[in-house]
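Visitor: Chain residues, written in single-letter form:
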Amino acid sequence: MSNIPSELKYATSHEWVRNEGDGTATIGISEHAQELLGDMVFVELPDVGDEISVGDDVAVAESVKAASDIYAPVSGEVIAVNEDLEDSPELVNSDAFGDGWMFKVKLDDASELDALLDAEGYQNVVDDE
Amino acid sequence: MELRHSNGESNMTNKTVLHAKHLESGAKMVDFYGWDMPINYGSQIEEHHAVRTNAGMFDVSHMTIVDVQGTDAQAFLRRLVINDVAKLDVAGRALYTGMCDEQGGVIDDLIVYYFTSTDYRLVVNSATREKDLAWINSQAADFDVTITERPEYAMIAVQGPQAKAKVATLLNAEQTAAVDGMKPFFSAQAGDLFIATTGYTGESGYEIALPQEQAADLWQQLLDAGVAPCGLGARDTLRLEAGMNLYGLDMDETVSPLAANMAWTIAWDDESRDFIGREVLATQRAEGSQPKLVGLVMEAKGVLRTGLKVITEHGEGVITSGTFSPTLGYSIAMARVPRAVKLEDTVQVEMRKKQVDVKVIKPSFVRNGKKAF
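Which chain is which? The protein sequence lines are A and B, in order. Residue numbers for the first sequence follow the numbering used here, beginning at 168 and rising by one. Residue numbers for the second sequence follow the numbering used here, beginning at 9 and rising by one.
No lab work stands behind these hints, which were simulated from the structure alone. Hints may be right or wrong, so weigh each one.
Stated by the list, open to error - Covered by chain A, according to a simulated footprint, are these stretches of chain B (three or more residues, beta-carbon under 8 Å): (1) 46-59; (2) 304-313.
As the list claims (entries may be wrong) - If the Cβ cut is set under 10 Å, some of the chain A residues that face chain B in the computed set are: (3) ALA200; (4) LEU204; (5) VAL221.
To be verified - Calculated Cβ distances over 12 Å to all of chain B for the following chain A residues: (6) PRO172; (7) GLY188; (8) ASP189.
Backbone N, C-alpha and C fix where the C-beta goes; we use that ideal spot for every residue, glycine too.
Turn these sequences into a full structure, and let the hints guide you.
Guide: In structure tokens form, the structure reads like this:
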């Protein structure tokens, strides 16, 4: 069974969000998602400075199996992207919740975080699949 | 993101005799045409590299072994398959070929192993087992032959530059003598082991058929010898890099072998040999009307996928199988395109709403661990 850290928030579409507590948040995809996608071969990230809104397709995770859109779980300005994924997309497989992070956002509205799932809620999503 | 689950539940799932060994090694299992098979044991890319640089093994026990024996065995196979088994004159020699219907469509591709002109072994695909057996049996009616499926055999493919050396550490003196100096595309019965120098990876190695009850022990000995267990995921990227067709993707009954890079497996020389499909295929060949299967390489980011449209100045084509090549570090594909498309041409593939330039090459990307074009 895959790991679902309790300190993170989740979207039903398998992105995770870490509230950094300073008006920014870090976003990646869950361990469950990387497991199903298989070995990652390319990750296409947004550009720093992009304004993104909840539900936008902002990144692409391309694995040996399929190319999958990653949707913005929160709105805001992209302030950083994980450049290590350029050369080492496999970090998404080996450390989905850590070194495999994808981008950071300066939140437009921190209350959007409240609409996301907690670990238990996301566990239910995974169990229902 | 949207996640598609491929491992749907099935109440008709077959398991190979190595199923428990796969679970022991942490395999992720998927349904493969009714068989519960390992897709990977963690990382299909690492498994791929193990085969290219060292040694890996695949459980191919789901594949179908069929023995063809009897007075008419040679005459029957000269009719059944598009290559000519009369070319086989050394005991143990193997031949890759296709089996076509009267319309020249590919029913399956297979390997024929020759022992004597009254004794042959075929290895056909697992996904096509039932229709293959039905076809072979119906075509055999007018011949004095016996068709025997051999489900009591398991089969393990050990592939990679170190594969033969690692297997050698497990063989007894008699078996070692049997495989000594065996060239590619040969086979030998070595005690209980049927050992063939065939494979589906573009590397050297063996495909070993053996009694089911011995398979788990051999698998464990190979693990202990440092052979990496590899799943269907790596098997697909390896065969595609090697430019080998996958039945159901690169060809099927609706496709002529001339349109599937299998023209070289058709033996035309003996004009009196009336193999099934000959008339239609001869007409297609004379007309030069069939499309052809080529290789595509794309060094830009992204992965060419099955079903994507190929745009050429001579008309449209389609990607029959595409993947990320772990050895090359970019995407490769096989595509069926109009015959007028030439090697080294640049054509376009429509992907994610963009048209991307790709280069046309012969469908052979990696051989013996190295870039092959």
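Visitor: Take the hints in turn and mark each one as holding or not.
Guide: Here is how each hint holds up against the structure:
1. 46-59: It holds, with 5 qualifying residues against the three required.
2. 304-313: holds (count 4)
3. ALA200: Hint on ALA200/A: holds, closest Cβ of chain B at ~6 Å, below 10 Å.
4. LEU204: Holds - the Cβ of LEU204/A comes within 10 Å of chain B, reaching about 7 Å at its closest.
5. VAL221: At 14 Å from the nearest chain B Cβ, VAL221/A fails the 10 Å test, so the hint is violated.
6. PRO172: holds, 18 Å
7. GLY188: Given a closest Cβ separation of 26 Å, the condition holds.
8. ASP189: Consistent with the label, ASP189/A stays out of reach of chain B, its closest Cβ about 27 Å off (over 12 Å).
When each numbered hint is compared with the structure, a violation occurs for hint 5 only.
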